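Q: Each chain, letter by letter, is given below.
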Amino acid sequence: MEFAESPEHELLRASVREVAAGFGHEYYVEKVRHGGTLDELWDALGDLGFFGVHLPEEHGGGGAGITELAIVCEEVAAQGCPLLLILVSAAICGELIGRFGTEEQKAQWLPGLARSEKMAFAITEPDAGSNSHRLSTTATRDGDVYRLRGTKTYISGVDEADRMLVVTRTGVDEATGHGLLSLFVVDTDAPGLTRTPIPTGIQSPETQFTLFFDDVEVPASHRLGDEDDGLRVVFYGLNPERITGAALSAGIGRYALDKASAYARERRVWDVPIGAHQGVAHPLAEAKIDLELSRLMIAKAAWAHDTDADRAVAGEAANMAKFAAADAGLACLDTAIQAHGGNGMASEYGLVDLWGLARLLRIAPVSREMILNYVAQRSLALPRSY
Amino acid sequence: MNVVVCVKQIPDPADPGALDPTTKTLKRDGKLILDESDSYGVEMALQLVTAAGGGEVTLVSMAPNGEVSGLRTALAMGAAKAILVSDDALAGSDALGTAKVLAKAIERVEGADLILTATESSDGYTGTVPEQVAGLLDLPSVTFAKHIEVDGSTVKVQRQTEAGYDDVECPLPAVVSVTAGVVEPRYPSFKGIMAAKSKPVDTLTVADLGLDASQVGWAGAGQEIVSIEEAPAREAGEVIEDDGTAFEKIVAYLDNLKVL
Chain A
1 MEFAESPEHE LLRASVREVA AGFGHEYYVE KVRHGGTLDE LWDALGDLGF FGVHLPEEHG
61 GGGAGITELA IVCEEVAAQG CPLLLILVSA AICGELIGRF GTEEQKAQWL PGLARSEKMA
121 FAITEPDAGS NSHRLSTTAT RDGDVYRLRG TKTYISGVDE ADRMLVVTRT GVDEATGHGL
181 LSLFVVDTDA PGLTRTPIPT GIQSPETQFT LFFDDVEVPA SHRLGDEDDG LRVVFYGLNP
241 ERITGAALSA GIGRYALDKA SAYARERRVW DVPIGAHQGV AHPLAEAKID LELSRLMIAK
301 AAWAHDTDAD RAVAGEAANM AKFAAADAGL ACLDTAIQAH GGNGMASEYG LVDLWGLARL
361 LRIAPVSREM ILNYVAQRSL ALPRSY
Chain B
1 MNVVVCVKQI PDPADPGALD PTTKTLKRDG KLILDESDSY GVEMALQLVT AAGGGEVTLV
61 SMAPNGEVSG LRTALAMGAA KAILVSDDAL AGSDALGTAK VLAKAIERVE GADLILTATE
121 SSDGYTGTVP EQVAGLLDLP SVTFAKHIEV DGSTVKVQRQ TEAGYDDVEC PLPAVVSVTA
181 GVVEPRYPSF KGIMAAKSKP VDTLTVADLG LDASQVGWAG AGQEIVSIEE APAREAGEVI
241 EDDGTAFEKI VAYLDNLKVL
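Chains as they are written, first to last, in the working numbering: chain A, 1 to 386; chain B, 1 to 260.
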């Protein structure tokens, strides 16, 4: 068993860290306050190929895997600049097109994604939530095109992307009543598609949208994977999303603990730095332990996905990593805020503005409760209640 | 055009360094990284080779324990290959001993048109190695370059001075030391990082270079570190209360420092 990082992984971490540190949390917060996007940071990282590390080399990618993409995701977040769109654009869309795209589709979309282009991902619906079988957005074949009708909600970054990958229903499995799904790459400015921003309390530069598809015409050549085989395709993309989501949480946790430990080493209220008091030190140490445990599971999940040996192992590990890292990241941030006392609430200390995103990551991309269901049923063979 | 860049691998300046009380030298037994001051030379070399339309960048380094971490960073930036001299006999080398090793290693690079170095390392700060290397190789030396252009067999350098800069021209091959202002170093791309994996690092000993162990390390050192002391703690700054005339006191203070 080997836990030391390879020289390539160390160099990748260092390079991503240096690029992101050149922007830093203040840049991130400035964009949040003024409603801007993180294009400069995104482009700086994209130009160096960091969003395409896992994509095939023949289409401009780095030829590595989700292990490397998780490193990118974690290191950017560890500099106080968590990039939520890595999860959807690089992790889901990039991975799925690389895996299920035709040669034409790969040649068309992967070189852009391997650099700085973003692709949104639209699956969630107002009445479907975590139940993908109940998706009601339909795609109906009409000659060389499909027509999409329905509503999607909580779709991130549609305003920043030229295209998005949309999950639709193209049929019904008569035996189970479940929807048969198909995926399409849709232009975000397609006629018939409208979007409404959803105001949230999250201080993040990415905006969430509700999307209305009113007979949106999509060429049949933009269907990813076989018709009605979309559930298999979607499920393949969920592990990369969970793993990079976990890495995002872990990066936020590292950022918060770095801030807190630096503060607790310097800040003196009585004669010693506050970090000498166990009431301050122990919660930080405990958060650190949870954080490092979650990082181990992230590494295992990414390894299992990349080696593609056993899908069950990859699914279990990705879920556990996502659960553990989301909890650990939020705990690190909470403990860091507590260690700062009243300063923890001040914008100047760069912690409280990450609360909404760190909290969101306990809900999305998959909720804690659905992960507990998964582990209860798959890992412990317990009966399901739903 | 072929450019050699001398790069030093040093303890990470982000971690507090420590001196060995016995040898009175910096402890260098942990992981070492590329000295940031050398990243400018690497970048300059890469840009000169690109501008010339051909050739390659070769790194030359001397480091303990076969350390290659810093070399990997420079290879990931785009250098083609590296020569590392690593030998227990090199422990305790002074600046001249280091220069002898680097000069011998540079001689092994065929067709080197230009040798770039930093003005000084960020851990030793002697700032003498570049000129010593030039002396040993019997090459012209230009220091403190803030801009470099190569025109045929001539290198044109803007040499930073206290008052401004000198325009200097010098025939190639030559040794040029570069300041941090010469170019903005690139970050390694993912392709660069993966490509670095298969780039050759030729690891040599003192004997491989044809040097005698008595010429280098403690044995060959012409200098002796007599004693080391803790740096004095920083004194408290002067506090000026603003009673409406604080600016006069600040101007007087700065004037006294001769920075105005």
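FYI, nobody ran anything at the bench for these hints, they're computed from the structure. Computed from a prediction, not measured in an experiment: that's the story for all the values here. All C-beta atoms, glycine included, are put in the ideal place defined by N, C-alpha and C. Hints may be right or wrong, so weigh each one.
Pairs of lysine-lysine, DSSO-like flavour, derived with a Cα cap of 30 Å [stated by the list, open to error]:
{"id": "1", "chain 1": "B", "residue 1": "Lys31", "chain 2": "A", "residue 2": "Lys288"}
{"id": "2", "chain 1": "B", "residue 1": "Lys197", "chain 2": "A", "residue 2": "Lys300"}
{"id": "3", "chain 1": "B", "residue 1": "Lys191", "chain 2": "B", "residue 2": "Lys31"}
According to the in silico footprint, chain A covers these stretches of chain B (three or more CB under 8 Å from chain A) [to be verified]:
{"id": "4", "segment": "70 to 80"}
{"id": "5", "segment": "192 to 203"}
{"id": "6", "segment": "207 to 218"}
Q: All hints are to be evaluated individually against the structure, with a verdict given for each.
A: Hint-by-hint comparison with the structure:
With a C-alpha separation of about 24 Å, the suggested pairing of lysine 31(B) with lysine 288(A) holds against the 30 Å cut-off. For the suggested pair lysine 197(B) and lysine 300(A), the alpha carbons sit about 23 Å apart, so the restraint of at most 30 Å is met. Of the supplied pair hints, the one linking lysine 191(B) and lysine 31(B) holds, its CA atoms being roughly 24 Å apart against a limit of 30 Å. Only when three residues or more bring their CB closer than 8 Å to a CB of chain A does the claim for the segment 70 to 80 of chain B stand; here the count is 3, and the claim holds.
For the segment 192 to 203 of chain B, the stated coverage by chain A holds: 4 residues have a C-beta nearer than 8 Å to a C-beta of that chain, and at least 3 were required. Against chain A, the segment 207 to 218 of chain B contributes 0 residues with a C-beta closer than 8 Å to a partner C-beta. That does not satisfy the three-residue criterion, and the hint is violated.
In terms of the numbered hints stated before, the structure departs from hint 6 and from no other.
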